[in-house]
Every structure is written in structure tokens, then in C-alpha cells.
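Enquirer: Chain by chain, the residues:
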Amino acid sequence: MAADNVQTLTDGNFDETVLKSGGPVLVDFWAEWCGPCKRLAPTIDALAGDYAGRVTIGKLNVDENPNTAFKFNVRGIPALLLFKGGQLVDQVVGLQPKENIKQVIDRHL
Amino acid sequence: MSTRHVVIVGSGPAGLTAALYAARANLQPLVIEGLEAGGQLMLTTMVENFPGYRDGVLGPDLMAEMRAQAGRFGAEIVQGNVTLVDTRVRPFVVRTSEAEYSARALIIATGASARMLGLPSERTLMGHGVSTCATCDGYFFRGQEIAVVGGGDSAMEEAIFLTKFASKVTVVHRRDALRASKIMQDKARANSNIAWLLDTEVEEIQDTGKGAVTAMVVRNSKTGARAVVPVSGVFVAIGHTPNTSLLKGQLEMDANGYIVTHDGVQTTVPGVFACGDVQDHVYRQAITAAGTGCMAALDAERYLET
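So the protein sequences, as listed, match chains A and B.
All letters in the first sequence, in the order written, are residues 2 to 110 by the numbering used here.
All letters in the second sequence, in the order written, are residues 48 to 353 by the numbering used here.
Be aware that one or more of the hints could be misleading.
Mimicking DSS-like on lysine-lysine, the simulated pairs with C-alpha atoms at most 25 angstroms apart in a straight line are [as the list claims (entries may be wrong)]:
1. B/229 <-> B/215
2. B/211 <-> A/72
3. B/229 <-> A/72
Treat the hints as calculated values from the structure; they're not laboratory data.
Whole structure, please, built from the sequences with the hints as guidance.
Expert: In C-alpha cells form, the structure reads like this:
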């Protein structure tokens with residue numbers, strides 16, 4: 002369902018795609034049973050368009066990939082974690098307007 | 048920018064029912080969804096008291112149906128969070144961060160949002176053990192001991208739901224009597240994984256230093272005795288506050304910020320109608336919200352004819 006420029010992240014490809022990436026990566030932790038996550042999905046798709054080529058944007062299903070969620074102490078979704086140079090540099094929890102998320106991303110560009 | 052017949056702000060059962068009726072009356076309504084699109088039902092699981100669904104329906108599925116039904120008759124539904132509403136000018140003005148709309152009639156269906164305890168630690172630990180959405184976050188507390196704060200139907204529903212994951216759920220309520228309906232109380236009382244801390248207020252959630260919930264400090268409101276209760280999650284279900292901050296000073300509201308309606312669902316500004324939880328702190332049901340949404344569309348239609 003995700004737009005073409007939104008990466009599907011898993012426990013298997015997380016290190017390669019996110020932690021070993023030089024540039025900023027925004028990861029949306031979500032699940033099928035999470036209503037607010039579904040509400041946030043179009044915003045994530047739009048952000049992937051806005052930041053194409055500058056920020057990698059990916060989605061990680063916490064149901065299918067519990068290890069990554071556990072590793073970063075995600076205990077509430079939707080949660081957006083921003084990584085840069087393999088480090089967690091910022092995060093936003095809960096449903097947020099697009100402008101708020103942009104502000105967080107722009108702080109790290 | 049052409050002036051719309053009617054703009055509906057909010058997309059829960061009230062807003063979407065208003066949209067359905069307004070669309071069928073050929074008013075080509077525009078619905079601005081808002082941040083919490085779909086409303087409170089998006090946070091629920093099974094809805095068992097919406098007429099017509101004898102086996103129950105999932106809250107998000109019900110909202111998807113309502114949205115599609117309104118769309119089928121031509122309601123235009125846009126994403127966006129309203130940042131300004133001006134009911135002092137004609138036509139009325141509604142602004143989002145992306146666009147500005149004008150309308151001859153306005154239907155306010157912005158609903159109510161979860162109330163928080165107001166503790167600084169609660170904000171810091173949001174998403175790290177503090178939650179207002181059991182259906183979203185219960186999953187992360189498998190086999191752990193957690194608390195639900197509140198004594199109403201939503202608190203009972205959350206506590207019961209959370210026992211599917213947590214090994215023990217403690218309900219913390221500041222009075223000794225619960226506000227919840229008898230059927231919900233009985234269901235919760237019968238659940239052996241639910242413990243009760245009544246006459247008790249949460250004073251603090253620990254541990255902000257660790258960035259994770261480890262315990263809550265509670266105080267017995269009768270004896271004043273304090274205790275530290277180890278929990279790894281705190282779910283806050285202490286009611287709702289109406290989303291009316293953008294309308295302060297423009298429409299009559301009660302002391303708690305709910306819009307006052309009269310003669311159906313008219314507000315104190317002719318041409319502005321309010322429906323759903325934004326004007327109802329008594330019934331607060333999907334079906335009553337839908338009912339008042341219908342009333343708002345019919346009232347708006349009548350208003351536009353005159």
C-alpha cells in the first residue's frame with residue numbers, strides 16, 4: 002500500500018538500509034491494527050515525495066518485525082524515528098500534522 | 048475561490064453523516080478531515096452497539112464505510128488540519144495549512160480528544176510506556192504489569208482489552224465508585240487479571256531519566272498515603288475535552304468548552320451548526336453523533352433555502 006518511494010523495512014534489512022545509510026532515514030513504526038497509523042500513512046507517502054533524494058523514508062511493521070521495535074524501545078505507535086549516520090537522532094510519537102514532522106526532519110538536514 | 052454551500056469540519060460519525068445527508072441534498076459538501084480523521088472510533092476495536100451490525104463491526108471499518116458512503120453521493124473529503132475558523136464574516140472562512148475555503152453554512156463536527164492527567168512526566172514518557180490508545184499500544188506490553196487510569200466505560204474497555212496482552216492490569220480511579228455503565232463494570236470485575244486501586248490518584252509516572260515507564264507514584268485520596276506501584280505501562284482513559292479552541296469567543300460554549308446548541312443543532316451564530324461530541328458530553332455515542340450529524344445537514348439545508 003505504501004507509495005513507490007517508501008521503503009519497506011524489516012528486521013532483516015534494517016541494518017543495511019537504515020543504520021549503514023549515510024544520509025538521513027525516517028522510519029515509520031506501524032501496525033495493521035493501529036488506527037492512527039493508518040491516518041498517518043498518507044502523510045508519510047507525501048513526505049517521501051517532498052524529500053525524495055534527500056531523506057530515505059521507510060515503514061516498519063512492528064507486528065512482523067518485533068526485534069527492531071524492541072531494540073529502539075518503541076512502545077507506542079505511530080512512532081517516527083529519524084536516523085542519521087546510523088544513529089537515532091530524533092523521534093516523534095503519535096499522530097502529528099505534516100508540518101511538525103517536517104520541522105523535525107529539517108532540523109537534521 | 049468559489050464559495051461552498053457547506054463546509055463540514057471533522058470526519059467522525061457526526062461529520063460523515065452530515066456529509067452523507069448534505070451530499071444527497073445536492074449541497075456538494077466539503078469535509079475537512081482533521082488530524083484525528085475518522086474520530087474516536089478509529090481507536091476502538093469491536094463496536095457492538097451500532098444498530099444494523101448484529102455481530103459487531105470494527106471501529107475503523109465502520110468509519111471507512113461511512114466515508115465511502117458519503118463519497119458515493121459526492122461529498123468531497125480532503126485531508127488537512129483546520130488552523131482558523133472565522134464565523135464573524137460572511138461567507139464563513141475556514142483555513143487549513145494548505146488551503147482556504149469559504150462557505151455559506153458551516154457544520155462543526157470536531158469532536159473531543161483524549162484528556163491527559165497533566166503531569167510533566169506523562170508528556171515525556173508518551174510513546175515510551177504512557178499511552179491513550181490501548182488498541183495501538185497494548186501489543187507492546189505482552190506479559191507485563193500495567194495500569195489503566197480512569198473509571199468510565201472507556202477505561203473498562205481498555206482494561207479488558209489490555210488483559211489480552213498484559214499479565215496484570217491495575218485500574219486506578221480517584222473515587223471509590225466507577226462512572227462506567229453496569230454492563231462494562233460487571234465485565235471488568237469478572238476479569239481475574241484486573242486489579243483495582245480505587246480512591247487513588249496518580250501523582251507521578253517514573254522514570255523520565257531512563258525514558259521508560261517503571262512505576263507510578265499514587266496517593267490514596269482518603270488517607271493521603273502514598274505508594275510506588277511498579278508498572279511498565281500507563282494507559283490514560285480519563286475522558287475527553289471538546290475540540291473547540293479555534294471557536295473560542297465566536298460561539299456560545301458551556302464552562303467545559305462544549306458548544307451550546309438550540310432548536311436542533313443550531314449554534315448562537317446563524318448558519319453555523321454543531322453535531323457530535325463537540326456539543327454533547329452526555330450521550331457521546333457513535334449513533335447519537337451520527338443522529339446529530341443528520342440534524343445538522345437538514346438544518347443547514349433549511350438555512351440555505353431561506
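Enquirer: Against this structure, judge whether each hint is valid.
Expert: Do the hints match the structure? See the list:
1. B/229 <-> B/215: 22 angstroms, holds
2. B/211 <-> A/72: 23 angstroms, holds
3. B/229 <-> A/72: 42 angstroms, violated
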